[in-house]
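Chain by chain, the residues:
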Amino acid sequence: MRLTCPICGERDRREFYYVGDAVAIDRPAANADAAVWDDYVHNRVNPAGVTRDLWYHESGCAAWIVVTRNTLTHAVLETELASAVKEGQS
Amino acid sequence: MGFSGWRVLKEGLTGNKGWAPHWKDAEPKSDYDVVIIGGGGHGLSTAYYLARNHGITNVAILEKGYIGGGNVGRNTTIVRANYFLPGNSEFYSHSLKLWEGLEEDLNYNVMHSQRGQLSLFHSDGQRDAAVRRGNSIHNQGDDAELLDRDAVRKLVPYLDYDNTRFPIYGGLLQRRAGTARHDAVAWGFARGASDRGVDIIQNCEVTGIDIENGVVKGVQTSRGAIRAKKVAMVVAGRSSQVAAMAGMRLPIESHVLQAFVTEGLKPCIDNVISFGMGHFYISQSDKGGLVFGGDLDFYASYAARGNLPMAEHVMEAGMTLMPMIGKAKVLRSWGGIMDMSPDGSPIIDHTPTEGLYLNCGWCYGGFKAVPGSGFSTAHLIATDQKHEPAARFRLDRFKTGCGLMDEEGTGSQHNLH
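Residue numbers (our numbering), protein chains in the order written: chain D, 16 to 105; chain U, 3 to 419.
For the record, the hints were derived by calculation from the structure and aren't laboratory data. All residues carry an ideal CB built from backbone N, CA and C; glycine is no exception. Among these hints, one or two may not hold up.
[Stated by the list, open to error] Here are the in silico distance ranges between beta carbons for each label pair:
#1 270(U) x 32(D): 46 to 54 Å
#2 65(D) x 28(U): 19 to 27 Å
#3 105(D) x 325(U): 26 to 34 Å
#4 126(U) x 19(D): 24 to 32 Å
#5 41(D) x 224(U): 32 to 40 Å
#6 77(D) x 328(U): 45 to 53 Å
#7 272(U) x 55(D): 46 to 54 Å
#8 55(D) x 335(U): 34 to 42 Å
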């Protein structure tokens, strides 16, 4: 698998650290309900198909990247800087 | 008809014409007391123990593919009970005891071979951890022996003892651990369940779970609707999809785990050996192939095939530990889909829906758990009470933070196990 870092271009998967579902960038408010935190930390849709997850370009530019890819085929559909995704949400 | 040495001899002398299929490929009925979704090792053993221990035989196993076609037929076949934490410790201890009586119980040769498993350590700190783990295993009543470097060398002389980075300091040996023939385990449980009246229904995909007023009523399948008083979801890597049909979102992420087999070789590796400085473990199958594997690829996947970085890591670890395998040619590799839980330990529990039960989260350790998991899940379904050895496999432990079983001590988070 190769991932395209929005800053560095297409790079080997080994340069990246996998964090998990991109839900990680939607951190609940500190005073949110326990059930909301449980969902955020533990519970996952875990789709068999297109998913969005968060990777860290550990051995490259240290950017956090949201990767849209297919879990059935390993095809990478889109990569975006997590900071850009976050800005788009706010 | 039962298997025996006499029977094998008789069939051998009469052209092997007396053998019949080991279990019945059933057609679905409209109504069952219990429907088990998933005909893998855990689903089959759940049905078997429902019939054997609780006399519940109006049971259907619904399998999307074919029996033995999933992870139960594709794994590295290791059976052990060397866990450290309460919860895991008593469960795997119980499961290993079931393994030890399994062939007699099933009247089926699952080729259970207690050849011993050796977990190596490579530093003083790792030795301390091994002593602690060994004591915990003893407290549970199971066996563990601490071997120093010379004793390990006597047992397995072919390792690289003086590797510059990872010299071998010793190992923790569990002699009762070993391997079993994975397909035979599936077939043996299928035969035992089928003989007691359980319907094993293949090519039957569950497409919906019928729930009315919080009570399960049955399932919709690719072969029609089936009513059931109780339904158990025992589907490993596909747990999230099946549970979603019941409106649940599980603490599960599905990952791919690779394993590898070489061409058949003369007997050379007598035990199961685990490297302590990188994820690598190896045994030799009865056909002669070296069977080995390593860590997850570490990204969510349902592709049933891995990527090269982990294949490379496993080969590197193998060559570091035992350079003698370098000339063996890898015949094939495969990737299985693992239902990873945040703390790396399993779940056997009720769900918020009455009559609906959940068995998942076996991570990369499901094979050795097959008898124990079925035993405990059957107990839960039949009595609605948790079976003592599996009582800590609670679904709500992530929500409450109480009773997490993080065996590796890395944290209770999805990307850490």
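Now the hints, each set against the structure:
no. : hint                        : verdict
1   : 270(U) x 32(D): 46 to 54 Å  : violated (37 Å)
2   : 65(D) x 28(U): 19 to 27 Å   : violated (36 Å)
3   : 105(D) x 325(U): 26 to 34 Å : violated (55 Å)
4   : 126(U) x 19(D): 24 to 32 Å  : violated (44 Å)
5   : 41(D) x 224(U): 32 to 40 Å  : holds (36 Å)
6   : 77(D) x 328(U): 45 to 53 Å  : violated (37 Å)
7   : 272(U) x 55(D): 46 to 54 Å  : holds (48 Å)
8   : 55(D) x 335(U): 34 to 42 Å  : holds (36 Å)
Checked against the numbered hints above, the structure violates hints 1, 2, 3, 4 and 6; every other hint is satisfied.
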